[in-house]
Structures are given as structure tokens and as C-alpha cells.
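**Q** Sequence:
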Amino acid sequence: MNSASLISTRIFGEGALPRRSVPDGQLLKPSDPAIHAITDFTREQPVTVDEDRQIDDALHDMIRLGVRALLVVRDKRIVGLITSYDIQGERPIQFLQTSNYSHHQDILVGHIMTPWEKLRAVDWETIQTARAGDLLHVLDEARLTHILVIEVANKNVPPIVRALVSRARLARQINGLRRTG
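All letters in the sequence shown, in the order written, are residues -7 to 173 by my numbering.
In short, the hints are calculated from the structure, not lab data. Don't take every hint at face value.
Derived lysine-lysine pairs resembling DSS-like cross-links, with alpha carbons at most 25 Å apart [unchecked claim]: (1) K110 x K68; (2) K68 x K21; (3) K21 x K147.
Per label pair, the in silico range of CB-to-CB distance [as the list claims (entries may be wrong)]: (4) D48 x A160: 31 to 41 Å; (5) D32 x I85: 30 to 40 Å; (6) R35 x L88: 20 to 30 Å.
All figures in this text were calculated on a predicted structure; none of them were measured in a lab. Backbone N, C-alpha and C fix where the C-beta goes; we use that ideal spot for every residue, glycine too.
Please model the entire structure based on the sequences and the hints provided.
**A** Following this line, the structure appears as C-alpha cells:
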């Protein structure tokens, strides 16, 4: 019997991505390498959203996928970052007050995201030698919820977004609090 005959195909309705099974990370001491606290995109696929997606849909995606931030893309290029804090905080209200839009459901990710040119980042070489506690201190001092890790291969190639660091996740790892779901 042909093994291919054991495989049958069928048509499915709507599909969804699975909830990320990436653990919150190991518990860390402040003196541990910061490299253990990052979401490294060479090992995990980054979660992205189109800038034209409605913000409530983007928030639903975050909840479903178990993340608090999405890289915003346009034509396969990263143009910004949006977090659950951006969507659930004051940004939508501020946008409505200063725009011609009048309904929350009309707000798109691109309207309230933090654009690429305003995103804070640290270079990959620094992360490789930094300590987890120092990284958390930088995030706390700058009042950042997330920071990008950028790898620059050479001057003729655009920088690569190598990783993302979440302040909330790092604080849980250092403080020894496990979070499920």
C-alpha cells in the first residue's frame, strides 16, 4: 500500500494561528545574561500586524496569540510597534480628539502605533554582554514597555530587527513570578 494513500485532504473554513506556546522564560537573577530575556526572532517568528488593521482586531490578535506587542508592517517592512497599552490607553481617545474620525471602530493600527523613527532600540552586541538587571533598569528608567534589539550586519544592509524585549516579561522573570496563559 502506498503511504501517500493514507493522507487525505479536505477544505476547512476559517483558520487561525495557534496561541504562542513560548514560555515566559526562565527565572533570572539580575546578574544573568540579558540574552536570556529577549524574544529572539532567529528562534521565534515575530508576530506582526498590517498598519491598516482596525485596533480592536489587533488587540484581539494579541490576546489570542498571547503577546502584548505587535510589529507593524507595510509591504514586508517594519514601520512601527503597537502594544496593548497603546490600544487600551489614551492614544485612541487622543487620536479621535485631534482627527476627523469620530468612531473608535474607525481607528487603525497606523493611526496610534509608535512609528519606526520613534522606537527605542539597543544593538545586538550590547545585549550579548549586558546583564538582565541592567536591561530592566534601562526599560524602567526610560519608561518603556518594550525595546527593540537591532543587529547591524554592515553599512550597506538595512538593520535587522533581531529581537524584542518586554519589560513586563523581564520583571516577572527577575522577580520569580510565573504567569500562565
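**Q** Each hint needs a verdict: does it hold in this structure or not?
**A** Hint check results:
1. Distance restraint check for K110 and K68: the Cα-Cα separation of roughly 19 Å lies within the 25 Å cut-off, and the hinted pair is therefore satisfied.
2. Taking the CA atoms of K68 and K21, the gap is near 37 Å; set against the 25 Å cutoff, the hint is violated.
3. Among the hinted pairs, K21 with K147 is inconsistent with the structure: their alpha-carbon atoms are about 35 Å apart, more than 25 Å.
4. Range check, D48 to A160: about 21 Å between beta-carbon atoms, so the 31 to 41 Å window is missed.
5. Here the CB-CB span from D32 to I85 is close to 35 Å, well matched to the stated 30 to 40 Å.
6. For the pair R35 and L88, the supplied restraint of 20 to 30 Å is violated, since their beta-carbon distance comes to about 39 Å.
Taken one by one, the earlier hints fail for this structure at numbers 2, 3, 4, 6, listed in ascending order.
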